[in-house]
Amino acid sequence: MLIDVHAHFLHERTPRADWRERNASRLRAGERVGITFHVASILGSWGQTSPTYFPSPADCRYGNDRMLDLQREHPGRVRAYVTVNPNYTDEALAEMRRCLDAGMIGLKLAASRRADDRLLDPVCRLAAERGVPVLHHVWQHRRRDYPAQEASDARELAALAARHAGVPFILAHIGGGGDWLHSLPVLRDAPNVLVDLSGSGVDGGMLEACLDAVGVERLLWGCDLTIETGWAKLRYLEHLLPAEEIELVRWRNAARIFPRGAFPSD
Amino acid sequence: MRIDVNAFLGAYPFRRVPGTSPEALLAAMERTGVDEAWVTHLPGIFWRDPHEGNAWLFQAGARHRRLRPVPAIQPEIAGWDEVLRAAGSARAPAVRSDPTFYGIAPSGPAMRELAAACAAAGMPLMLAVRLEDGRQRHPNDAAGELPAAAVRALIRAAPALRLVVTHADRPFIEEVHFGATPEEARRLWWDISWVWGPPEDHLQTLLETVGADRFVFGTGQPLRLPENGVAKLDLLELEGAARAAIESGNASRLQASAR
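Top line first, the protein sequences correspond to chains L and F. Mapping the first sequence onto this note's numbering, position 151 (from 1) lands on 151, and the numbers just tick up by one. Mapping the second sequence onto this note's numbering, position 71 (from 1) lands on 1071, and the numbers just tick up by one.
These aren't lab readings, by the way, just hints derived from the structure by calculation. Note that this is a predicted model, so its numbers are computed, not measured. In this text, a Cβ means the ideal position worked out from N, Cα and C, and glycines have one as well. Honestly, I wouldn't trust all of these hints.
To be verified - Quick list of simulated restraints, FRET-style, between CB atoms:
(1) F:G1179 x L:G103: 48 to 54 Å
(2) F:A1244 x L:R72: 40 to 46 Å
(3) L:E238 x F:E1237: 21 to 27 Å
(4) L:A243 x F:R1016: 26 to 32 Å
(5) F:A1244 x L:G103: 43 to 49 Å
(6) L:A102 x F:G1240: 42 to 48 Å
(7) F:E1208 x L:E208: 35 to 41 Å
(8) F:E1023 x L:L93: 53 to 59 Å
(9) L:H239 x F:R1253: 28 to 34 Å
(10) L:P75 x F:A1142: 47 to 53 Å
(11) L:M1 x F:R1085: 55 to 61 Å
(12) F:G1240 x L:P185: 42 to 48 Å
What the hints assert, rightly or not - If you want the footprint, here are the derived chain L segments under chain F, 3+ residues with CB under 8 Å:
(13) 176-189
(14) 194-203
(15) 226-237
Isolated chain L (complex conformation) (with noise of 0.2 Å):
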């Protein structure tokens, strides 16, 4: 089993005119390179309506929208984050329960309000009381305030994760941007923070620095817009792991920490 958990699907009220074809072109590769689930989001409208990183209500809901039938459609192969804007906690609160009662297993926030934010608070309490993860974008050391995004570091989401010991956090793509060696330390005295390998980055040394910052118990798979680069840091861990330690970042870890039943074997 491999469960990528870090994936994105785009729908047609993007911006992108060819939606369908990266769609079936990340599910083609998933059966290529051996994922069983692709565990994913939609950020809303990804800009079309409303900014990517600070989706409205309204976009939000017409991706998870577009998700859940992703979802259905691709029993066997597709699970789904639901996609919220904290800075509308009503609406917010309200589209977790609806969405996670359809049957998503993971709540994703992106970068609409910085993760120590105690606006976050009320998601996250109805994450801890649903059981279910919190996979939360990080730009790795944040120097500054980038565009279009309120972007968030390791320390910003220890802080969150402090305050919500019993929800499992996922510090998304640690190769995906930013200094991750800025990162990894923060995450060392941060349990309940996990580290997702995804991004396009595959710097030599990342992967073993990231085993000796949290541990492989602490290791999620993923992928989000490059493929390639997920397969290739598989392989790499593939030599640097026994055989039982790799299983626990393919699926194990992940089977863990999404409800019981998300995923057939676990």
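Following the hints, complete the assembly by docking chain F onto the known chain L.
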């Protein structure tokens, strides 16, 4: 046969990178099925006189026949033409220059002179767009990325020049390829190290629009995992001859024509 045209030896100044010795590189090549690597002396890129790394690089190439040295040339330092002459006898498949790291104009007079000299010598010139993702570089690692305009300027400046450009992404490649005449474009080769695979399928698209004959296998190892290049090829819808051309055929023809 698999040739990695984009590999490095020696320490990186901005972070600890494992596997930078010749022996470690050879082990990584074994692991990933790479038969031959074109190697650069990595620390030399950051030295005031990058030529000082070339002697060690030539020795490493002489000791390990699977490593082909790509010596560095800083064309504003007197004596650079000696490096170009020495490259041929040291089995170099190319020479390289990293103007943005040297702090010289990427398509200024010195680079144009180097381009002309490489063309006259029949020696391919290698340029890197970047070495690391700009979002993670050390605060004091402030060298700019190679502009696409510089590649266009150099390929136009020296009619017989052959350029190998590493670490370029799809927009960069498209900008240069379609900003060049067909004759100029036939003198450009791109390594695949920074081109995305699925689901964006940038490499698949480029192979259809630019052509498989323009691409060579490159990894950027050990700064980057060499497994990435192999995984990228394994995910392509590509017939065997085109894959063989990318993995080794195009690079073999390029070095065979180096005089």
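Hints, verified against the model:
1. Remark: the range hint 48 to 54 Å for F:G1179 to L:G103 is upheld by a beta-carbon distance near 50 Å.
2. One distance hint, 40 to 46 Å for the beta-carbon pair F:A1244 and L:R72, holds here, with the actual separation near 42 Å.
3. At roughly 25 Å, the beta-carbon separation of L:E238 and F:E1237 lies within the given 21 to 27 Å, and the hint holds.
4. The given range of 26 to 32 Å is respected by L:A243 and F:R1016, whose C-beta atoms sit roughly 28 Å from each other.
5. Under the hint 43 to 49 Å, the C-beta atoms of F:A1244 and L:G103, about 46 Å apart, fit the expected range.
6. Checked against the hint of 42 to 48 Å, the C-beta distance between L:A102 and F:G1240 comes to roughly 46 Å, which is consistent with it.
7. The hint said 35 to 41 Å for the Cβ distance between F:E1208 and L:E208, and at roughly 37 Å that hint holds.
8. For F:E1023 and L:L93, the hinted distance range of 53 to 59 Å is satisfied, since their beta carbons lie about 58 Å from each other.
9. L:H239 and F:R1253 have their C-beta atoms about 32 Å apart, which keeps the hinted 28 to 34 Å range intact.
10. Distance hint check: the CB atoms of L:P75 and F:A1142 are about 50 Å apart, consistent with the given range 47 to 53 Å.
11. The hinted window of 55 to 61 Å between L:M1 and F:R1085 holds, with their beta carbons roughly 58 Å apart.
12. For F:G1240 and L:P185, the Cβ-Cβ distance of about 46 Å falls inside the hinted range of 42 to 48 Å, so the restraint holds.
13. A count of 5 residues in the stretch 176-189 of chain L with a Cβ less than 8 Å from any Cβ of chain F is obtained; the coverage claim is therefore met, three being the minimum.
14. For a cut-off of 8 Å, the count of residues in the stretch 194-203 of chain L with a CB near a CB of chain F stands at 4, and the three-residue condition holds.
15. Counting residues of the stretch 226-237 of chain L whose C-beta sits closer than 8 Å to any C-beta of chain F gives 9, which meets the bar of three, so the coverage hint holds.
Every hint, counting from the list given before, is met by this structure.
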